[in-house]
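In the order they appear, the protein sequences are chains A and B. Take 0 as the starting number for the first sequence in numbering that gives the first Met the number 0 and just add one per residue. Take 0 as the starting number for the second sequence in numbering that gives the first Met the number 0 and just add one per residue.
For the record, the hints were derived by calculation from the structure and aren't laboratory data. Treat the hints loosely; a few may be bogus.
As the list claims (entries may be wrong) - The list that follows gives simulated cross-link-like pairs (lysine to aspartate or glutamate, DMTMM-like), each with its CA atoms no further than 25 Å apart:
1) B/K43 <-> A/D301
2) B/K43 <-> A/E220
3) B/K158 <-> B/E293
In case you want the letters, here they are:
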Amino acid sequence: MDHPLRASLEIEFDYTRSLGPVLSQFMTGLRARRILGTRGVDGRVHAPPFEYDPVSAEPPGELTEVGPEGTVVSWSWMPEPLEGQPLGVPFAWALIRLDGADTCMLHAVDAGSAAVMRTGLRVRARWAASRVGSIRDIACFEPCDAPAAALVEPETADEAAVAITVTPIRLHYEHTASPGESTYLRGLADRRLLGQRCGVCGRVYVPPRGTCPVDGVPTREEVELPETGTVTTFCVVNVAYPGQRVTPPYVAAAVLLDGADIAFQHLILGCEPGEVRMGLRVRAVWGDAGTISHFAPAGEPDAPYESYARFL
Amino acid sequence: MNSPVAVVGFAQTPCRVRPDVTTSGVEMLVPIFAEVFRATGLTKGDIGFWCSGSSDYLAGRAFSFVQAVDAIGAVPPTMESHVEMDAAWALYEAWVKVLTGEAEVALAYGFGKSSGAQLRRVLALQLDPYLLAPLWPDSVSIAGLQARLGLDAGLWTEKDMAAVAARSRGAALGNPAAQVSEEVAVSELLARPYVAEPLRAHDCAPVGDGAAVVIIASQARARELCARPAWIAGFAHRIDSGSLGARDLLAVPSASGALLACAAAVAGRAAEVSAVDVAELHAPFTHQEILLREALRLGDQVEVNPSGGALCGNPMFAAGLARIGMAAQAVMAGRAGRALGHATSGPALQQNLVCVVEATE
Numbered sequence: 000m001d002h003p004l005r006a007s008l009e010i011e012f013d014y015t016r017s018l019g020p021v022l023s024q025f026m027t028g029l030r031a032r033r034i035l036g037t038r039g040v041d042g043r044v045h046a047p048p049f050e051y052d053p054v055s056a057e058p059p060g061e062l063t064e065v066g067p068e069g070t071v072v073s074w075s076w077m078p079e080p081l082e083g084q085p086l087g088v089p090f091a092w093a094l095i096r097l098d099g100a101d102t103c104m105l106h107a108v109d110a111g112s113a114a115v116m117r118t119g120l121r122v123r124a125r126w127a128a129s130r131v132g133s134i135r136d137i138a139c140f141e142p143c144d145a146p147a148a149a150l151v152e153p154e155t156a157d158e159a160a161v162a163i164t165v166t167p168i169r170l171h172y173e174h175t176a177s178p179g180e181s182t183y184l185r186g187l188a189d190r191r192l193l194g195q196r197c198g199v200c201g202r203v204y205v206p207p208r209g210t211c212p213v214d215g216v217p218t219r220e221e222v223e224l225p226e227t228g229t230v231t232t233f234c235v236v237n238v239a240y241p242g243q244r245v246t247p248p249y250v251a252a253a254v255l256l257d258g259a260d261i262a263f264q265h266l267i268l269g270c271e272p273g274e275v276r277m278g279l280r281v282r283a284v285w286g287d288a289g290t291i292s293h294f295a296p297a298g299e300p301d302a303p304y305e306s307y308a309r310f311l
Numbered sequence: 000m001n002s003p004v005a006v007v008g009f010a011q012t013p014c015r016v017r018p019d020v021t022t023s024g025v026e027m028l029v030p031i032f033a034e035v036f037r038a039t040g041l042t043k044g045d046i047g048f049w050c051s052g053s054s055d056y057l058a059g060r061a062f063s064f065v066q067a068v069d070a071i072g073a074v075p076p077t078m079e080s081h082v083e084m085d086a087a088w089a090l091y092e093a094w095v096k097v098l099t100g101e102a103e104v105a106l107a108y109g110f111g112k113s114s115g116a117q118l119r120r121v122l123a124l125q126l127d128p129y130l131l132a133p134l135w136p137d138s139v140s141i142a143g144l145q146a147r148l149g150l151d152a153g154l155w156t157e158k159d160m161a162a163v164a165a166r167s168r169g170a171a172l173g174n175p176a177a178q179v180s181e182e183v184a185v186s187e188l189l190a191r192p193y194v195a196e197p198l199r200a201h202d203c204a205p206v207g208d209g210a211a212v213v214i215i216a217s218q219a220r221a222r223e224l225c226a227r228p229a230w231i232a233g234f235a236h237r238i239d240s241g242s243l244g245a246r247d248l249l250a251v252p253s254a255s256g257a258l259l260a261c262a263a264a265v266a267g268r269a270a271e272v273s274a275v276d277v278a279e280l281h282a283p284f285t286h287q288e289i290l291l292r293e294a295l296r297l298g299d300q301v302e303v304n305p306s307g308g309a310l311c312g313n314p315m316f317a318a319g320l321a322r323i324g325m326a327a328q329a330v331m332a333g334r335a336g337r338a339l340g341h342a343t344s345g346p347a348l349q350q351n352l353v354c355v356v357e358a359t360e
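So that you can see chain A by itself, here it is in the shape it has in the complex (with noise of 0.2 Å):
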């Protein structure tokens, strides 16, 4: 059998998320390079601070600087960073006792080699030149005993508080179709249609599953189906939203192809979306590179909704 297909995929996504009270204030002080803590019921003085005493449960009362300077406590080496890290160069990851605290902030430590790290170094803030209200306001730690850079931004006059963080998020997959899958997507490139027949149920799987659903055991028999098939259900979209591919109103439905015994979604263009109904006979028109690019009516009678009463 031929190797299943690979491709690479790439995700990228924004979280946007409300800081609440506590980490508001937080986060509004890192952008005015204050660093805030706060005494839980414990008499530690925890910073960063707990939204909720780990202890008591309640909300901290008032919020305290602490640091900038602080203490390593414990590191690991990172030799060759990853994307996204604070930076770019090999540099430490660090539990950080900021002055005042009792608890560990963990950051970056740009320390130029892991010669010059130890548990107890001194570390600074460095803070980064724009600032927005996140923890990445902190570019990262410095050795006290680095000649400080000077900050030649002018101070930027208070702002609203910090009510939101967003962080951006990009992952890297390499995404493996399955067997079934891969048969499949080969198949439409010869703008062929296959699908697998479960040896235990006979029902025919489009695209193939490798698996049959109802029992539960591989499905092995290649099926090659027509390009022809019925509109089992459907829905009209009206709504646009980004990335869309085809003006709304248009028809995205259920199609079950002849001989096939499960439905996949496909669009309906080529006539009004008015004119879609539930029985339309409908046709595979092929795009470019080993793609349906749609399906359109096969000006065929409607099926009796007998025919296809049981996949819907």
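Assemble chain B onto chain A, guided by the hints.
What follows is chain B alone, placed relative to chain A:
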């Protein structure tokens, strides 16, 4: 006290990097379902409740677990659930279902294609989304912080850590599911380079793909399904603070707490609960085995990770369930009278689950 519930079946795939399999788990699950059904004589229709553990972040798509349902043959519809956690927690849910009489036989399964993306980076997304995740601290670096704390405190040395790896890798030679195994001297391991100082490659679980399945049954059914069921004496899980910098990373109160809860469940025999013959610990890093031995009060007489443990094969979201499965298998095969299975989740042993199984009902 409810009637006891027993593990009656277990199967797992070998842990390997599998570029040929999808993230849906189906290709990995179908063969092990067949294996565990063959061993127990059960069919899918006998399963009253199914519960899976997996992760969309590993799969790179939303609701990825739904595709895995193909593997169970869920027509007609069946009672099914999912946890976005290691499947050890799916087994916990299944156990509750059997305890409460909603099912007589239940099946928990976990699957993970850890190699689909850069695992240590993906795992940054399980962290506090405000203060940690935006920095993308990776799972190996965080474990390194915990390891260094113990080194500085004199709780272990790099040699102690390497000794855990050497013993695990040697034990894994007898486990065909293991991804890593070798006969290796501690001195040889210590000569290898750091990957995230103070961690070397042998201190970290390898990245591998795999799946595992465990079947449990009520008292009424267990004996007919298995000659020597592994009766669940205690089953509990606990979690520690998500604030990495505020938590004592050298204590694992959630593991100790889970153990105490297991002990409390067997009134009158509490002291026995950690007197196990075998313990399968889900320690993805060498120093974490040392921490867990302490937290779970495992004495020197306990055989720890005869499978090689997660250090020799750590299919995400299945490895914890596999630890329980391996512990139960030791009882079912007559190699142990009582065994402990442990699972962890989150950074630096944040969340811990303990399941004690024994041969005596």
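Hint by hint, here is what the structure shows:
no.: 1; hint: B/K43 <-> A/D301; result: violated, 39 Å
no.: 2; hint: B/K43 <-> A/E220; result: holds, 22 Å
no.: 3; hint: B/K158 <-> B/E293; result: holds, 18 Å
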